[in-house]
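Asker: Based on the hints, put chain B in the right spot on chain A.
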Amino acid sequence: MATTATTNQPPREQAPPSRASVGGGTRGPSLASRLGSYTGLLLLTVLFVSPLLFMLTTSFKTNFEAAQPTWIPKDPTTENYTFIFNAAQTPVLRWFANSLIAAAAQAALIVLTASMAAYALARMDFPGKRLITALVIATIFIPPIVLLIPNYVIVAELGWLDSLTAVIVPGVGGAFGVFFLRQFFVSLPRELEEAAVLDGASRWQIFYKVILPLSKPALATLALLSFLTNWNDFLWPLYVLFSPERLTIQPGLSTMQSAFTTDYATIMVGGVVASIPVLILFVIAQRFIIEGVSRSGLKG
Amino acid sequence: MTTTDVGGRASPPAAGPGAGSLRRGRGRRGAGGAVAGGGGITPYLFLAPYLILFGVFVLAPSVYVIWISLHDWDFLLPGKPFVGLQNYLNLFRPGTVTSGPFWQSMEATGKFVLFSVPLLVAIPLAVAVMLNQKFPGRNFFRAAFFAPYVLGVAVIGILWAFLLDPNIGLVNYYLDKIGIDTNVPWTTQTPWVWAALVGPTVWWTLGFNTVIYLAGLQDIPKELYEAAKVDGANPWQQFRNVTLPGLRPVLVFIITITILASANVFGQPYLITEGRPGFDTRSAIMYIGQEGLRDFRMGNAAAASFILTLCLIVISVVVFFLFRERKER
Chain A
1 MATTATTNQP
11 PREQAPPSRA
21 SVGGGTRGPS
31 LASRLGSYTG
41 LLLLTVLFVS
51 PLLFMLTTSF
61 KTNFEAAQPT
71 WIPKDPTTEN
81 YTFIFNAAQT
91 PVLRWFANSL
101 IAAAAQAALI
111 VLTASMAAYA
121 LARMDFPGKR
131 LITALVIATI
141 FIPPIVLLIP
151 NYVIVAELGW
161 LDSLTAVIVP
171 GVGGAFGVFF
181 LRQFFVSLPR
191 ELEEAAVLDG
201 ASRWQIFYKV
211 ILPLSKPALA
221 TLALLSFLTN
231 WNDFLWPLYV
241 LFSPERLTIQ
251 PGLSTMQSAF
261 TTDYATIMVG
271 GVVASIPVLI
281 LFVIAQRFII
291 EGVSRSGLKG
Chain B
1 MTTTDVGGRA
11 SPPAAGPGAG
21 SLRRGRGRRG
31 AGGAVAGGGG
41 ITPYLFLAPY
51 LILFGVFVLA
61 PSVYVIWISL
71 HDWDFLLPGK
81 PFVGLQNYLN
91 LFRPGTVTSG
101 PFWQSMEATG
111 KFVLFSVPLL
121 VAIPLAVAVM
131 LNQKFPGRNF
141 FRAAFFAPYV
151 LGVAVIGILW
161 AFLLDPNIGL
171 VNYYLDKIGI
181 DTNVPWTTQT
191 PWVWAALVGP
201 TVWWTLGFNT
211 VIYLAGLQDI
221 PKELYEAAKV
231 DGANPWQQFR
241 NVTLPGLRPV
251 LVFIITITIL
261 ASANVFGQPY
271 LITEGRPGFD
281 TRSAIMYIGQ
291 EGLRDFRMGN
301 AAAASFILTL
311 CLIVISVVVF
321 FLFRERKER
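Note that the protein sequences, when read in sequence, are chains A and B. Following my numbering, the numbering of the first sequence begins with 1 at its first residue and continues without gaps. Following my numbering, the numbering of the second sequence begins with 1 at its first residue and continues without gaps.
To be clear, the hints were calculated from the coordinates, so they are not data collected in a lab. If you're wondering where the values come from, they're calculated on a predicted model, not measured in any experiment. Just so you know, even glycine gets a beta-carbon here, dropped at the ideal spot from N, CA and C. It cannot be assumed that every hint is accurate.
[Unchecked claim] Partner residues are not named here, just some residues of chain A that face chain B (Cβ under 7 Å, in silico):
{"#": "1", "residue": "69"}
{"#": "2", "residue": "71"}
{"#": "3", "residue": "117"}
{"#": "4", "residue": "124"}
{"#": "5", "residue": "139"}
{"#": "6", "residue": "147"}
{"#": "7", "residue": "201"}
{"#": "8", "residue": "275"}
{"#": "9", "residue": "278"}
{"#": "10", "residue": "290"}
Looking at chain A on its own, in the form it has when it is part of the complex (with noise of 0.2 Å):
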């Protein structure tokens, strides 16, 4: 990230050696070494990649030839597809969307809410602030077990049962967001702020024109874990949700996994339909949410 280039600049001298000794390659492991790690990475990487592939491959195959273990259908098919996306019980596509929209609400409430509460933690003197500050830290460490139960109490009283609110609202009051966007904005040059003051600028002028501007890599990288987060979650949702219709793709997986039983041609397909798009997103912005998750410890 950029911040830590700036912080790296005193010993200026030392970075390009030590950087040519490790681009120079001659003290590198020997070459048998080099092969050997090689080969294990590459074995590794199959194994890694092709249940994957499996799972693709399966659900383009007849339900007889789903019990063959066949890398290609013989006789490829979108039937399964077709039959899934219109079944009453598991209305595939629905669920689709409605974790498309949980996920993108949940993420978008907390990057707004996170990032005022991240800004006026990080800038601004106030009573109270240590308190706040060290709440809200704390929480991080109450497994979120122990929320299951009584958050399903009050979801419930405020009746949001069996509604993609219980699945969006509760999430966005986590610890994580405030915390990861907390450490950017310290790190932002003050003078910028300073400048913004002298011009005359509010505390919202200078969050919505100077800080976020800056932020754009941490926002959108917050943004993309949370969309993640939510959108593979599993627990929350198997009990909040009821109505077939108004599951995630999650909680659907499941239930599609007891609809059809060892029929999992059938059931490959839900498990397409919600990789698909962590996937894509996984591709694109690779560097984002590896480095997003390595600086930050989120755990799913």
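Answerer: Here is chain B on its own, set in the frame of chain A:
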């Protein structure tokens, strides 16, 4: 803080606020960080939307759970009489209807942690060390190993239930091909069920730990390796004496989050083994979900979730101090 102190140096990437506060200290004069005044209600207005949701869905429920656990709280019945510690006593008293299944689920969770954590600490470390070398395509490998992690547990659950199907699954097909006993009952019988839970979990989350290790490896100064080589250290000695000590904070972090993640296992047994055989692989969270949100004995489920939480907190603290001790030696 001295820069030469390797052990204490590299803070895990996740503990990033260290970097932030460091910068702040080094930066401008003002400690608080406010530009101008910042008084009045403005800060509270910025905080309000988040704090309301935080209060309702994080802070309040973490107290509410205790209240619920002190009542005979059946969600579907109007009366929710106060029972004091009865729910807890029931969970701890042998022979009650609730204590047996609960401790069985805790045992299943413990076994899963015991089987999965060593693999999820060791294998990603090996992969990360391999990936840390400079060679063409290493970003491709990094992405390939990380890819399964972006999938939801529901996807990996249905996928592996298929791959591990005793009759038509790919795993038994290939085992048969290389001459190993066919029809291994992966999803229905011990000890196979444990492999059916741990294997897919390693496949699914290995990339996550690898990425954290890689970030940690990049923080180890290259000069230390140079020095070790000058002293004639072979690759294994370099790993023992430079890599491992340099990774210590990252290791503590990885071990802690992996234990916590494994102790929170739910989707894999729910979808792959369905708790079988009997309730042998029903995890604590599966029990809490079933008890509280399917059978609506919420008082008991709340007490169970509170006990599970206390266990998790104790484990984190123990891991933390265990590794702190070692650092001082």
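Asker: Now, for every hint given, state plainly whether the structure supports it.
Answerer: Hint check results:
no., hint, result
1, 69, "holds (4 Å)"
2, 71, "violated (9 Å)"
3, 117, "holds (4 Å)"
4, 124, "holds (4 Å)"
5, 139, "holds (5 Å)"
6, 147, "holds (5 Å)"
7, 201, "violated (10 Å)"
8, 275, "holds (5 Å)"
9, 278, "holds (5 Å)"
10, 290, "holds (5 Å)"
Checked against the numbered hints given earlier, this structure breaks hints 2, 7; the rest are met.
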